[in-house]
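Keeping the supplied structure of chain A fixed, place chains B and C upon it in accordance with the hints.
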Amino acid sequence: MDTHDSQSDARPVLEGPDIARVLTRIAHEIVERAKGADDVVLLGIPTRGVFLARRIADKLEQITERKVPCGSLDITMYRDDLRMHPPRALARTEIPGDGIDGRLVVLVDDVLFSGRTIRAALDAMNDIGRPRAVQLAVLVDRGHRELPIRADYVGKNLPTSLRETVKVQLAEEDGRDTVLLGAKPAAQ
Amino acid sequence: MSKILIRGAKVLGGEPQDVLIDGGTIAEVGAGLSAEGAEVVEAEGKVLLPGLVDLHTHLREPGREDSETVLTGTRAAASGGYTTVFAMANTFPVADTAGVVEQVWRLGKEHGYCDVQPIGAVTVGLEGRKLAELGAMYESAAGVTVFSDDGKCVHDAVIMRRALEYVKAFGGVVAQHAQEPRLTEGAEMNEGVVSAELGLGGWPAVAEESIIARDVLLAEHVGSRVHICHLSTAGSVEIVRWAKSRGIAVTAEVTPHHLLLTDELVRTYNPVYKVNPPLRTERDVMALREALADGTIDIVATDHAPHPHEDKDCEWAAAAMGMVGLETALSVVQETMVDTGLLDWAGVADRMSVKPAQIGQATGHGRPVSAGEPANLTLVDTAYRGLVEPAGFASRSRNTPYEGRELPGRVTHTWLRGKATLVDGKLT
Amino acid sequence: MQRHLISAADLTRDDAVLILDTAEEMARVADRPIKKLPTLRGRTIVNLFFEDSTRTRISFEAAEKRLSADVINFSAKGSSVSKGESLKDTAQTLEAMGVDAVVIRHGASGAPYRLANSGWIDAVVVNAGDGTHQHPTQALLDAFTMRRRLIGPDAGIGQDLDGKRITIVGDVLHSRVARSNVDLLHTLGAEVTLVAPPTLLPVGIETWPCEVSYDLDSTLPKSDAVMMLRVQRERMNAAFFPTEREYSRRYGLDGDRMARMPEHAVVMHPGPMVRGMEITAEVADSDRCTVVEQVANGVSIRMAVLYLLLGGNEPAVTHPRTEEK
Numbered sequence: 001m002d003t004h005d006s007q008s009d010a011r012p013v014l015e016g017p018d019i020a021r022v023l024t025r026i027a028h029e030i031v032e033r034a035k036g037a038d039d040v041v042l043l044g045i046p047t048r049g050v051f052l053a054r055r056i057a058d059k060l061e062q063i064t065e066r067k068v069p070c071g072s073l074d075i076t077m078y079r080d081d082l083r084m085h086p087p088r089a090l091a092r093t094e095i096p097g098d099g100i101d102g103r104l105v106v107l108v109d110d111v112l113f114s115g116r117t118i119r120a121a122l123d124a125m126n127d128i129g130r131p132r133a134v135q136l137a138v139l140v141d142r143g144h145r146e147l148p149i150r151a152d153y154v155g156k157n158l159p160t161s162l163r164e165t166v167k168v169q170l171a172e173e174d175g176r177d178t179v180l181l182g183a184k185p186a187a188q
Numbered sequence: 189m190s191k192i193l194i195r196g197a198k199v200l201g202g203e204p205q206d207v208l209i210d211g212g213t214i215a216e217v218g219a220g221l222s223a224e225g226a227e228v229v230e231a232e233g234k235v236l237l238p239g240l241v242d243l244h245t246h247l248r249e250p251g252r253e254d255s256e257t258v259l260t261g262t263r264a265a266a267s268g269g270y271t272t273v274f275a276m277a278n279t280f281p282v283a284d285t286a287g288v289v290e291q292v293w294r295l296g297k298e299h300g301y302c303d304v305q306p307i308g309a310v311t312v313g314l315e316g317r318k319l320a321e322l323g324a325m326y327e328s329a330a331g332v333t334v335f336s337d338d339g340k341c342v343h344d345a346v347i348m349r350r351a352l353e354y355v356k357a358f359g360g361v362v363a364q365h366a367q368e369p370r371l372t373e374g375a376e377m378n379e380g381v382v383s384a385e386l387g388l389g390g391w392p393a394v395a396e397e398s399i400i401a402r403d404v405l406l407a408e409h410v411g412s413r414v415h416i417c418h419l420s421t422a423g424s425v426e427i428v429r430w431a432k433s434r435g436i437a438v439t440a441e442v443t444p445h446h447l448l449l450t451d452e453l454v455r456t457y458n459p460v461y462k463v464n465p466p467l468r469t470e471r472d473v474m475a476l477r478e479a480l481a482d483g484t485i486d487i488v489a490t491d492h493a494p495h496p497h498e499d500k501d502c503e504w505a506a507a508a509m510g511m512v513g514l515e516t517a518l519s520v521v522q523e524t525m526v527d528t529g530l531l532d533w534a535g536v537a538d539r540m541s542v543k544p545a546q547i548g549q550a551t552g553h554g555r556p557v558s559a560g561e562p563a564n565l566t567l568v569d570t571a572y573r574g575l576v577e578p579a580g581f582a583s584r585s586r587n588t589p590y591e592g593r594e595l596p597g598r599v600t601h602t603w604l605r606g607k608a609t610l611v612d613g614k615l616t
Numbered sequence: 617m618q619r620h621l622i623s624a625a626d627l628t629r630d631d632a633v634l635i636l637d638t639a640e641e642m643a644r645v646a647d648r649p650i651k652k653l654p655t656l657r658g659r660t661i662v663n664l665f666f667e668d669s670t671r672t673r674i675s676f677e678a679a680e681k682r683l684s685a686d687v688i689n690f691s692a693k694g695s696s697v698s699k700g701e702s703l704k705d706t707a708q709t710l711e712a713m714g715v716d717a718v719v720i721r722h723g724a725s726g727a728p729y730r731l732a733n734s735g736w737i738d739a740v741v742v743n744a745g746d747g748t749h750q751h752p753t754q755a756l757l758d759a760f761t762m763r764r765r766l767i768g769p770d771a772g773i774g775q776d777l778d779g780k781r782i783t784i785v786g787d788v789l790h791s792r793v794a795r796s797n798v799d800l801l802h803t804l805g806a807e808v809t810l811v812a813p814p815t816l817l818p819v820g821i822e823t824w825p826c827e828v829s830y831d832l833d834s835t836l837p838k839s840d841a842v843m844m845l846r847v848q849r850e851r852m853n854a855a856f857f858p859t860e861r862e863y864s865r866r867y868g869l870d871g872d873r874m875a876r877m878p879e880h881a882v883v884m885h886p887g888p889m890v891r892g893m894e895i896t897a898e899v900a901d902s903d904r905c906t907v908v909e910q911v912a913n914g915v916s917i918r919m920a921v922l923y924l925l926l927g928g929n930e931p932a933v934t935h936p937r938t939e940e941k
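Line by line, the protein sequences are chains A, B and C. If you count by the working numbering, then the first sequence holds residues 1 to 188, one letter each, in order. If you count by the working numbering, then the second sequence holds residues 189 to 616, one letter each, in order. If you count by the working numbering, then the third sequence holds residues 617 to 941, one letter each, in order.
Next comes chain A alone, as it looks inside the complex:
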C-alpha cells in the first residue's frame, strides 16, 4: 500500500464512477462465488480497506436484501517490517458480533502489492478465530508480489513499475474518489 502524497504529475487511472462500478462488480462476484453470501463477513484493512469493505457491504445488502457483517482488522502489530520503522499508531480492530468462526471472511484492501499486508492479516485473523475460508478483494492489483498470495476479486489490474506509486483516495478520508499513478519521489 502506497501512502505517499499524490505527486503533481500523478495521473488518475480510476475516477469516482469507475470505482463505484468495480465495487458493484466485486459485490456481484462475491454473491456468485459464495452462492448467496449468507455466511460472508467482510473485514477491511485500515485505513482505506475499511471504507471499501463498508461500500461493498452496502452493495451486498442491496443485492441480497440482507445485512452483511462488516468489520475491520488492524494488522500493524503483525507486520513483518515492524523493526524497520518507528512503531505506528494502531488502528481499530472491530470484529462483528457473531465472530468469524466457520464464516467466509472476505478481506478487503485498497492496493495489493507485495502481499505482505495480507500475510499479516492472515496471521492476525488466526488469533481471532477460525473462518471456514478466507478470500481477498482489492481495488487495485499493481503486481510485484513477494509472497504466494493472490486476490479473489480485483477491481483493476494495473501493471506498474517499481519506480511508480499508486495512491488510492476515497471520499471518506480524502474528500474524493480516485486512484492515482505517479512517479516515486526521489529518495530522501
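Rather than coming from a laboratory, the hints here were simulated on the basis of the structure. You may find that some hints are simply not true.
Stated by the list, open to error - To give an idea of the interface, some chain A residues facing chain C are shown, with a C-beta separation under 8 Å as derived from the structure: (1) 86; (2) 87; (3) 92.
Stated by the list, open to error - Okay, the calculated beta carbon distance ranges per label pair: (4) C:827 to B:344: 38 to 46 Å; (5) C:778 to A:89: 34 to 42 Å; (6) A:21 to C:657: 37 to 45 Å.
Stated by the list, open to error - Far from chain C, some chain B residues (derived; all Cβ distances over 12 Å): (7) 287; (8) 349; (9) 380; (10) 549; (11) 615.
Cβ atoms here follow ideal geometry from the backbone N, Cα and C, with glycine treated the same way.
Positioned in the frame of chain A, the structure of chains B and C alone reads:
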C-alpha cells in the same frame, strides 16, 4: 639550595617586579634585580601569590589509601598552588590520638610536596560523645591547634560547649561541621524546588543555620573562638555577619564548589554533584560570593574529598559525598570572584593564604611577598583558559564536578621554602 | 517519544494521547480468545526489581507476555545484589545476556535515570517506580482510567483530559504516584489539586503545576476524580501526623465524604489500599471506586508503552520529524 629569580611577576596582581629567592627565603623584591648565579623563571604577565593554605583537606591516609594518600594528596596540593594543607581527622583509624596525628604529620614531612598540618578529632571516634585527648594532640610533634569532627557535626550542645572552652587553654580552635543530625536524616540534596521534583531527601538550610546560630552564641558565652566549615547558605552568611558585628570570634570558610555550582545540577542524578553540605541555590551562591568579598566569610577551603570511581559510578543514593578540589580551587575562585570583579588578587591571597594560615596557626605560611619571608610562593598564569581534564590530576581520585568545563587560570609554579614542587605545571 | 520512559514529565501531550489511544486498542486484545500479539517476538525484557512489588511486576509481566516478548524476572533478594553487586554491574550482566529492555523498580530516586543516561547499557529503560521520584506507567494508567470513566472508551480516542478536575489526597511527600500524576495530568490539560496535611507536602511544592489545599471537604464537590494515596502507618511515628484516627478523620474518604462528590465523580487508588486509614471499606467496595479497573488498565497501558518503545526500530514518533536531506 641555589638562587631563583622570578622575573616580571605581578606580585599579588600589582606592578611587575622581580623576586629573588635565596635558599628558603625571599632575598629581595624589586625591579631589575640581578640574575647572576640564579635560575631564572620568566613570569611576565603571571601573578605571584603567597603559597596557598587549605584549612580543609581529606588526605584519606590512614585507612582509605585507595582514594588518596598523603603523597598523592600533597602532590595534588602542590599542583593546585598549595604549600600547606590541613588534613581532616575522619581517617581510619580516626585522628583522635597523638599517635595518628603524628603519623600523618610525619608522612607529609617525608614527602615534602606540601606541609601537612593534621586536624584532630573533637570527640573520640567522631562519635560526638566523649572529648578526644585534645591536649595530647596539641602537645604532640604535630602540634595540633585545629580540631574538627568534620563529616559529622558536634551536635551535642554540652560537648560543643566543653570543646570550645577546653581548647582555650592552648589557643586551639574548633572547626564545626554544621549539620543538625535529626533534620538531615535521609537527606540527599538541598531541600527546595529541585528536591521536591526529584524525590530526593531534603537537606534543609536550617539544619546548617541552626547549628551555626547555636555555636556562635556558645562561643560568645564561653569566650572562645569557633570556625565554621564549608558554610553554604545565605542564611548562614546572615548569622555569621550578625555574630561578627557583635564581636564574636567566629571565622568561616566557603568551598570553591559552593561558589560556583547549584542544586540544579542534581537533575542529572550524577553523584559527582553529591556533596556535604549539598549544592544550594543560585541565591545562596550569590550570597556566598558577596560574603567572601566583604570578609564575612574569611577564607576559601577546598573540602577536597577524594572517592574511588566506583563510589560515584552508581545511583545517587548509593554514592559517597564529596568532590576533589585542590587542583581546581584557584581556577574556580578566579572564575567566580576575580573575573567577576568581586575580589582582586590581593584579596585572593588574603582568603586563600593569609587568613587560613592565621586561623590554623601555620607558621611561615600566608606571609607577605617581601624580603626575609619564607619563600612559599605560587605563580599563576591568569590569562590561561582551558578545559578541566581529570585524567591529568595528581590526586588519586577523579571525582571532580568540573570535568570538561572551561575554567580560567593555571598554577605554573609552586615553591615550598624555596624548593620548587611544581615547575611549568609539572610536579618535581 | 524519547527512547526511555523515566518520568511522566518527559511525555508531550501528543505522546501521552498516543499511549492512551494505543492502550485502548490493547485493551480490546483482552477480550479475544487468544490474548496475545506477536509484536515483540524475539525481544527480551528483564524485570529488574530491587524493591518488592508483586503487583507492578505481575502487571508488566502480563503485558510483556501478551506481546510475546521473552521475559526474565530479576529480583534483588537472594541475588548477587544482596552480596554487594552494584546496579551498574547487575545491569551490564543482564545486557550481556542480550536484553533489549530493562523494566526497573528501585528504592533510590533517580536509579532508572542513571541506568538510562550513564552509558552503562544500551537497552531501553522503563521506570517501574523509583524511590519517591516517578512512576510514569502508574500515572498513565490512572489517566487512562479517568479518560474511560469521564469521557468514554471510544469517545476518548484522541482526547486529553482538558478541564477535568482531579484531586489527589494523602502522603504526597513520599509519593512517586503523586509526582507522576501531577506532571502527566497537567500535560493532559487537567486541573490538579493536592490535599494533605502540611507535613506530608514537600518543601518546594509551590512550583508544581497544581493547587495545594489542606482541606479535603472543600475540594470534594469540585472534583471529577478523587485519588486516594496510601498512607503508611509508620509515618505516625515520625510525627507526620498525631494518630491514625486523626488522620483518617481529617483526610480519609468515607461514605459521607463520597456523597459530597459530584455524581459522576470516581474514586481512585493506586493500591495497595489501607482500609480504615485513607479509605473506608464502604468507599473501596462501591462501584464508584475504580481500583480493580486500574489494575486491568495497567496491563493495557504497559502493553502500549512497550509496543511504542520497542515495537519498531526506534521509539514512536508523535510529531512530524524535520526531514534531513
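Here is what the structure says about each hint:
Annotation: interface hint on residue 86 (chain A) holds; nearest CB of chain C at approximately 4 Å, less than 8 Å. Annotation: interface hint on residue 87 (chain A) holds; nearest CB of chain C at approximately 4 Å, less than 8 Å. Against a cut-off of 8 Å between C-beta atoms, the interface hint on residue 92 (chain A) holds, since the closest Cβ of chain C lies about 7 Å away. Under the hint 38 to 46 Å, the C-beta atoms of residue 827 (chain C) and residue 344 (chain B), about 43 Å apart, fit the expected range.
Between residue 778 (chain C) and residue 89 (chain A) the Cβ separation comes to about 20 Å, which falls outside the hinted range of 34 to 42 Å. For the pair residue 21 (chain A) and residue 657 (chain C), the beta carbons lie near 43 Å from each other, so the given range of 37 to 45 Å is met. Chain C leaves residue 287 (chain B) outside its interface by the beta-carbon criterion, the shortest separation being 32 Å against a cut-off of 12 Å. Listed as a non-interface residue, residue 349 (chain B) keeps its Cβ farther than 12 Å from every Cβ of chain C; the least gap is roughly 28 Å.
The beta carbon of residue 380 (chain B) sits about 5 Å from the closest Cβ of chain C, which is not more than 12 Å, so the claim that it is off the interface is violated. No beta-carbon of chain C is positioned within 12 Å of the beta-carbon of residue 549 (chain B); the least distance is around 41 Å. With 12 Å as the threshold on Cβ separation, the claim that residue 615 (chain B) sits away from chain C holds: the shortest Cβ distance comes to roughly 31 Å.
This entry does not satisfy hints 5 and 9, going by the numbered hints stated previously.
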